[in-house]
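*Asks:* Chains as they are written, first to last, in our numbering: chain F, 1 to 250; chain W, 1001 to 1479.
Keep in mind that the hints were calculated from the coordinates and are not lab data. Mixed in with the good hints there might be a few duds.
[As the list claims (entries may be wrong)] Here are the simulated lysine-lysine pairs, DSSO-like style, with alpha carbons at most 27 Å apart:
| id | chain 1 | residue 1 | chain 2 | residue 2 |
| --- | --- | --- | --- | --- |
| 1 | F | K111 | F | K13 |
| 2 | F | K13 | W | K1034 |
| 3 | W | K1122 | W | K1034 |
| 4 | W | K1196 | W | K1041 |
| 5 | W | K1088 | W | K1196 |
| 6 | W | K1409 | W | K1365 |
| 7 | W | K1452 | F | K137 |
| 8 | W | K1034 | F | K111 |
| 9 | W | K1143 | W | K1263 |
| 10 | W | K1263 | W | K1365 |
| 11 | F | K137 | F | K68 |
| 12 | F | K17 | W | K1423 |
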Amino acid sequence: MSSVMKIENLQAKIGDKQILKGLNLELEPGKVHAIMGPNGAGKSTLSKALVGHYDVELTGGDIIYKGKNINEMEPEERALEGIFLSFQHPVEIPGVNNAYFLRTALNAKRKHEGKEELNAAEFLRLMRDHLEMLGMKSDMISRSLNEGFSGGEKKRNEILQMLILEPEVIILDEIDSGLDIDALRAVSEGINKMKDGKRSFLVITHYSRILDYIEPDYIHVLKDGRIIKTAGPELVAQLEEHGYDAIEEE
Amino acid sequence: MANEGLDKAVSGEYALGFEIDIETDIIEPGLSEKTIAFISKKKDEPEWMLELRLKALKKWETMTEPHWGKLDYEPIDYQSISYFAAPKEGIDSLDEVDPKILEAYDKLGISLEEQKQLSGVKVAVDAVVDSVSVTTTYSEELKKHGVIFCSISEAIKDYPELVKKYMFSVVPMADNYFAALNSAVFTDGTFVYIPKGVRCPMELSTYFRINALNTGQFERTLIIADEGSHVSYNEGCSAPTRDEHQLHAAVVELVILKDAEIKYSTIQNWFPGDENGKGGIYNFVTKRAICQGDNSKVSWTQVETGSAITWKYPSCILKGDNSVGEFYSVAVTTLAQQADTGTKMIHIGKNTSSTIISKGISAMKGQNTYRGLVKINKSAEGARNYSECDSLLIGSNCGAHTFPYLESKDTKGQVEHEATTSKISDEQLFYLRQRGINEEDAVSMIVHGFCKQVFSQLPMEYAVEAKALLELTLEGSVG
């Protein structure tokens, strides 16, 4: 089995605090990996480390993506190479038109891949198709990026970006937080649409609710900065019943 | 994130720092009655103008340089400045502009040859180099509509009645130290008169270029919009890269009569000096508009990216009932630049309304101050003001300061003020980078978003220029 991403003995700090303490994880192509764990276990730090966030300082270990060590790779290069993070709290950027932003991002990626850039009309057609699918209003084209969006709108906008950018490794950080049932359905539908047998998903979640909609292949339990257990989806029920404390390290 | 990276991204090189290689007539440094007599004679002015100039000099000599601005600079030695410099050929024959000047203006993106102007949009230009206006385009065509568009020196000779009536009527001769200095020594500038009911058929503009060494530029602009008329006027400016500071002290007066409107836009790109504060223009400017008649309107839009020191408060006196004043500003200070800028809205007429949108951007060691006054007189029943002052900090060595003043004598007046200071947050930058947008483009996207409300006020071709300039100022040195 060849993995698309291999995380070996990863150690990382935020400020002075050691958060990841030797984390091992392999993402298989086409599979959905769920990371579950209690608050403070290091779930968000892991997602930040994978995309090269400034807050995270790697103190040991390797992140191997498509056979290459990306520990030092700039965030935008990782993005162009196909790593996508759906943010837990997408930031508001006033005055930056949502469609303009997304077209710039898509064209950066297309350029990187040696493809022709899309003009405004071509891009709008693409964007409209996806908006409809996600049940989003067409004013999403002209509004400022995430500015004044409701929690649900922000999350749908993350999924919209994912659909348009077509990344290869998709990290979803607490994608279901703050979503009502309709938004949750739309978001899940978007995610499931992206499953093509090649893309890998890393679903980081505190609650199991989202896993009813996106069927995971693996459940990894993250506790105190390490993956302490990996199992199939049946583990979810066990975690629901007994909590994280009952999990013994393998 | 490392500050170094950001600094590198915001220390754009000054692209217009070239020198026009022309012979210049320049007088010895120093300021006295003799200097003023020389300027007046050189311009072949009538006696009454000389008298006014000398009166202004007398007043200036009794005044002291103001230091209430949040600006730190070396004292200006007014006797070491040369008060008149002019390209040699330009003076003898105004019809024949030195080809080197034409070339230089081409380089600045401004065509002084009417037939060469591209696209369908005509823009008339008054080109001022150092102390003189070298040419004014489309004057003849404008004349057919009754519009007067010429240099102020010509207006003094050709339209003395208009000049006598309106010059010093908005900015009195001794309004402030720099205005008094200008009143005494002003050398050129633009004069515009739009007759009753005329909508000016093209954009008017002035492009100021400081070229000579060791001189100051003191231009004076007077625009009169007669009843029911409309004009959109734009000014731009630049100067060569020099190690010495140069003084620019201008005065702009706008008179708007009943039902008329003036839209005045500035793209200020004087040489800013270097990151240690060496060189750069000292820009001390007095701009004021009076909405004299009912239902008149004035709108100031400024994009200030240049100068080592900027001291400038384009103001609106809203005298006519229902008159409207607007101030839209983007001020950028990077390197070691300092700007103390804002506006004054003086509400006198009934139901007058004003809007202030100020966006300050500070980077590197830049210091940016918004200073604004909203004054509502007792007579201004139903007056309304909305102010919004936002500051954006890039990096951690720069500063932003806001000083809004409010004086309201009308208890029913509505005044709203909002102010924010934000840093280009690492989170915003990271968000864009995570989507594959490089750091430089991400910074410029955030900054443009921040300035959007102001840029949308500029005429289209100037908005494009302003965006490009902002990009150059903030990120020219990367890549």
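*Asks:* So, for every hint listed, does it hold in this structure?
*Replies:* Hints versus structure:
1. K111(F) with K13(F): violated, 34 Å
2. K13(F) with K1034(W): Violated. K13(F) to K1034(W) sits at ~72 Å, over the 27 Å cutoff.
3. K1122(W) with K1034(W): violated, 42 Å
4. K1196(W) with K1041(W): Not satisfied, since the Cα-Cα distance of roughly 34 Å exceeds 27 Å.
5. K1088(W) with K1196(W): violated, 38 Å
6. K1409(W) with K1365(W): violated, 39 Å
7. K1452(W) with K137(F): holds, 23 Å
8. K1034(W) with K111(F): Not satisfied, since the Cα-Cα distance of roughly 66 Å exceeds 27 Å.
9. K1143(W) with K1263(W): Given that 27 Å is the threshold and the Cα spacing comes to 20 Å, the pair holds.
10. K1263(W) with K1365(W): violated, 33 Å
11. K137(F) with K68(F): violated, 40 Å
12. K17(F) with K1423(W): holds, 25 Å
The structure does not agree with the numbered hints 1, 2, 3, 4, 5, 6, 8, 10 and 11 stated previously, though it agrees with the rest.
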